[in-house]
Every structure is written in structure tokens, then in C-alpha cells.
Amino acid sequence: MATGGEVVLMKVWLKIWRANTADGDRVLREYEVDAPEWATLLDVLDIVKDQHDGTLSYRKSCRMMICGSCGMRMDGAAVLACKTRMYDIAESGHVPVISAMGNLPIIKDLVVDMEPFWAKFRAVDPYLQPGYLEPNNGKEYLISQERMNVIHKEALCINCGCCVSECNAMESSPEFLGPQALAKAMRFAGDPRDGAKVDRLELLNGQHGIWECTRCYFCNERCPKGVDPRDAIAKLGAESIKEGIDRDMGAKHAKWFVASAKTTGWLRETELVPKTQGIVEAIKQTRFALDLAKHGKVPLPFPPHVAKGVRESRRLHDLLFEQDKRGYAGIVQGEPALAKLAHGYREGERDPYGPGSFPRPYVAEDR
Amino acid sequence: MKQVAYYKGCLASLSAKELDSSTQALAPRVGLDLIELETVTCCGAGDIQEAEPDYYLHLNARILAYAAATGSDTLLTVCNVCTLNLRQANFQLIGDSELRRRVNQNLLAVGVPAYERDVDVRHLLWELAGEEGYPRLVEAAHKGLRGLKVAPFYGCQILRPSRILGFEDPDQPSSLERIIEACGGEAIDYPAKLKCCGFPIIQAREETALGELVQPIEQAIEAGADAMVTPCPLCHLSLDAWQSKLKAMTGRDFGMPILHLSQLVGVAAGLKESELKFKRHVVPVGPAVERLEID
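From first to last, the protein sequence lines stand for chains A and B.
So the first sequence is residues 1 to 367, counted in our numbering.
So the second sequence is residues 1 to 295, counted in our numbering.
Note that these hints are calculated values from the structure, not bench results.
All values reported here derive from a predicted model rather than from experimental measurement.
Some hints could be false.
What the hints assert, rightly or not - The calculated SDA-like cross-link candidates involving lysine to any residue, where the alpha carbons are at most 20 Å apart (straight line), are: (1) A:Lys-308 / B:Glu-38; (2) B:Lys-245 / A:Pro-274; (3) B:Lys-279 / A:Leu-300; (4) B:Lys-17 / A:Thr-264; (5) B:Lys-17 / A:Glu-271; (6) B:Lys-245 / A:Leu-290.
As the list claims (entries may be wrong) - For the chain B half of the interface with chain A, some residues (derived, Cβ under 8 Å), not all of them: (7) Ser-162; (8) Asp-171; (9) Pro-200; (10) Gly-211.
Glycine included, every Cβ here is placed at the ideal spot set by N, Cα and C.
Kindly generate the complete structure, drawing on both the sequences and the hints.
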């Protein structure tokens, strides 16, 4: 790659799914353009539009990863076009397929209708609701860095929709609030200045709230800003349970794992269904359960399968209860660890974050 | 032989005993010497992290500490969810000395050895598809799968988040395909092979979960697969045991046999039915593997 001031051009091939919902037309078109070596996907689209086909539609604004306008899919994976450099791809000879984001209706080409996204965004009241009257010192509100760290990642969200595009639960249940709205909700529920935490958590514990997340981790994988929405959802779950908001089957399910770990050590599988769904619902599942039982899939709860040394995990639970790091305060996202991404890869092994590898997930210390 | 600390996890201990028996029988044939961990608990399956995150971290640190105590460098898992939970805790502990100090103090206070020497958490899939394991796998899979068409289903938590898992490209993985082919089978490609099976919410939000589960099964059938294989016992449970519920939803009886990774390789390596325990599956495996002549 050229390093001086001169512009060196490269050939970039790409295919774009052109879609026009007005006439139902959908066709995959191939383009070949000359672009500077430093070009991003957005730069390449600009060249296509300027020099090859003025009818191409896509959104853009800041060109520097902060406005969140240019979310789209490259080879089926949601990316910010302005963050995606094309050099390695063009060099490898690969012809990427560009398409609109998923889980949102397409208006034209790469432009999706963001209204369902904004409706969910609005549903979580994305603004502070101060619950205080006077600052303690009569002057200003002082908040420790430690308390703001809890929402540091969530505050990075630029509302681009890359996480929503890939959300597996939302594909199956379009009403699911989804990773962006939930991460945004955590940004306010975790803010020490907010006075509506419990009301927020109540809302988020609804049918299409936090417990509908299926933990596919596509949101964490795709987020171009390192928000890690799935971790935000876990924080909301932990805080709900800490606040005693645990009527949802998802919360009961999660709590049963804790109960199992400190009593027998292993998950008490057979009791999980009645503990999650309640006795009445569980009885409705009897026929299904009997069918599974024929194949040994419903282990008898007695005698219980007890882990050796389970007393240790019980004592650990008691000890931690005293240290009171329950709720979102207990979630560690491994920021110090992220700074040492080398962990897990030995000398000589392929470095999955190295050159020529797959697109690198966002890290604070990124190049 | 490579010595590894073997963490079974809950499912292989209970409802998926066939995963444990086939793994134990297969291990020596692919050069793995398993030291089974006994003084360990559930990893929390993501649920304890969502209920009491600090407890999750300590339970996993305890598992890592006992794994390190065996003297092995590797903690072997056979479940995606265990893999992510343990690797995540390990990632945090290794990268943050202050956190590790606090966790170790707590472990010591309840009589658990501190987690001092690092271990690497690796799934059986990675051992089999890795540089060391693959040649041994090729040799062990002498009986072959005779062209059996197998649809690989990865499951989420062995691919994503890649910065914690990172064995292969999370969007274009190839380990399962390479294993299927080393075993003499034909790997079938289909779009949903990297998606979620819905298991984590199959009890709390069954409808949403089944809407996810139907995709891979339907697509694998359309692509002509004789069977599916997965490295995760939770995916296995939903794909196999919950398949009957898809019948009520779609009116179609899919009858798609689902194999654990250790069973697929086990068949090719000539394991016996008493080790493979196909009888423990809800969807009969017979039609797909009968022609492979299992002893």
C-alpha cells in the first residue's frame, strides 16, 4: 500500500442487491470501479453512484463512524460502510455482495425503513428522568467514574442498527425490543442520575423485553462501536433480579441455575421446567416430557446428582452475598483483558485479528 | 497422548449421557488422555451470569482452578455454552490481575485452590480440527461415513463473540466441514448453519425459540442432508428433542437425525452402539446410520 501523498488506484469488484419495493424489482448487479487504495466501502459506493449508476440509493452522512447512517450488509454481515476498508478484499480477488440490513423493511436498494427501529428506541424512554430535587452539596451532582463505568459501553451506541439487523430472536419475533433498544435502556437504567430505574426494569421485563433474548451473540459480534448489547441485556437481567423483579419465566429460569449450583452443584434439569413455567404449565407439558423420558432425557431428580465439594460453591455464594456485587455491578466485561487481546493465541498460531483475517471486532485500543 | 482436564458439564452428565460416553470412548483414539474433573459445578450456562454475575465469575474461576490443579494446560469442553462461559471468565481473569486477586482471595477463603497457572479452555471440536488433532482424526476415522450427507450446525456460542472464542472466522467457519470430510462424509451447506437454535429461551419463550429452531432443520432437509451434527448438547437437545414440537407448528414431520460431534466421529472411528448410545435420541438415528454398519 502506498504511504506517500500520491493516490494509488486499485480495482474493486462488488455486487449490490438493487431493490425497489415500489415495483417489487430485486436484482443483483455487479460493478467494477477504480478506487484509491485507502477507500472504504462507502467511498466505493460513492464512486459507483458518481461514475457508474446514479440511481443507486444508500444512506450516508458523517463518513467517520459517528452518525450511524451507513449500516448495511457485506456478504451477509452488517457493517458500517464507512468503517470497512476495501483494500484487503480487493487484493484477495473476492467479490463481496452488498445488501440492505436485515430485520427492517427495505425502501430502496440499501436504504431500510428505520421507523420500527425508532419505535422501539422511543419505547424505552431514551432520556434521563432525574429523580432528585437538590444536589447534596447545594452546588452540583458528583458521580464517581466507577459508577459511570457501568454504562460506558452502552453510551457508545450510535443507533446504526447493525445489531438489530442480525438479531436472531427478532427474526422469529419481530416485536422483540431487540439489542439496540435494550442497550439504550441500560444506558439510562444504569445511570446514577436516573430516578426511574425500577419503572424501567418493570417495562423491560415484559413479554418482548430482556428475557426474549436468545443469546446468539450476533449483536456483540457485529456492533461497530463495541457496545456489546448482549452484555447490556445481561446487566438488565441481573439488576432486575437484584431488585426482586423476577416474575418472568426467564428470570425464574436464571434463578434456578443459581439454586442448582449452590445445592447440588449441577443443574437440576428435571425441576427446571416447573421452576421456570410453574406447575400448571409444566403439567401441560407432561406428554412431551414422557416422550423425552423414554430416551433418558428426563433424569430422575432422586437421588440428586451432587457434585463433589459442592459445599465450596455454597460457601462461595454466601461469601459473595456479603460482598454485595449483585446486579449490574457484578458484570465484568473484561476491559483490561481486551487490552491484551493476545491471550489465547500462542506464538506461531494464526492470529485471528491479524492482517488478512476476518474483520476485526472493535476494541477501544483499535489501531 | 495429550493430557487434558475434561469438564463434562451438566448435560453430558445427565440428559445427554451419550455425549459423555462417546467422548470418553473416542478420546484415546484421537490422542486425548482425559482427566475427568469431579470437584466442579455447572458453569452457569449464561443464566447465572444473568442472575448473579459475580457468582458466575467465581464458579468458573473455581472450575479453572481445579483444571489447573490437574497439571494439564488444556481444559477440554464438549459444550458450546460451557466453552463460552469458561473462556469468558478466563479471558477476564487472565487479563485483569486486580480482578484475579480478588477472586483468588475468595476462592481461598472457602477452601478452593487459587487459580494461578493459566489453562486454555478448548472445545473438542477445536482439538479435532486443530493442527495436532486433525491428522490423528483422519487416521482414527478409518471406517468412514460412506458419503453420508451431513449438515453441520455450529451453534452460536462456539463462534460468537469471536474475540473470546476466536478459533475460526465466525462467518465462514470450516472446522465441522473439514471433520465431516475427514470422516468420509459429505458436508452440506445451508444458510442457517451459523444461526441460533433458540434453546436458551425454549422454556421461557417457546414460540420465539421454535421460530428459530425450524430454520436449520427445514433448510438442512431441503439441502438433502441425511443427518445433522452439532458440537453443542444444548443445540442437540433442541434439534432432537424439540423437533416433535415443530410438527405441531408446521404440520411437517421432519424426522431429521441429530448427531453429537463425538458420535459422528465415533461412527467413523468404529465405536460400538454401547458407546454411541443412539437409543438415547428422540429422533431415531437408525435410517441414516444403518448402512454404516455399527457393531
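We went through each hint and held it up to the structure:
1. Between Lys-308 of chain A and Glu-38 of chain B, the direct Cα distance comes to roughly 6 Å. Compliance with the 20 Å bound is thereby established for this hinted pair.
2. Simply put, Lys-245 of chain B and Pro-274 of chain A have alpha-carbon atoms about 18 Å apart, close enough for the 20 Å limit, and the pair holds.
3. A threshold of 20 Å between alpha carbons decides the hint, and for Lys-279 of chain B with Leu-300 of chain A the separation of about 18 Å falls inside it, so the pair holds.
4. Restraint check for Lys-17 of chain B and Thr-264 of chain A: the C-alpha separation of about 18 Å stays at or below 20 Å, so the hint holds.
5. Distance restraint check for Lys-17 of chain B and Glu-271 of chain A: the Cα-Cα separation of roughly 18 Å lies within the 20 Å cut-off, and the hinted pair is therefore satisfied.
6. Distance restraint check for Lys-245 of chain B and Leu-290 of chain A: the Cα-Cα separation of roughly 14 Å lies within the 20 Å cut-off, and the hinted pair is therefore satisfied.
7. Hint status for Ser-162 of chain B relative to chain A: holds, with the closest Cβ pair at about 6 Å, below 8 Å.
8. The interface hint given for Asp-171 of chain B is met, as the beta carbon of that residue sits about 5 Å from the closest beta carbon of chain A, less than 8 Å.
9. Checking Pro-200 of chain B against chain A by beta carbon gives a least distance of about 5 Å; that is within 8 Å, so the hint holds.
10. Against a cut-off of 8 Å between C-beta atoms, the interface hint on Gly-211 of chain B holds, since the closest Cβ of chain A lies about 3 Å away.
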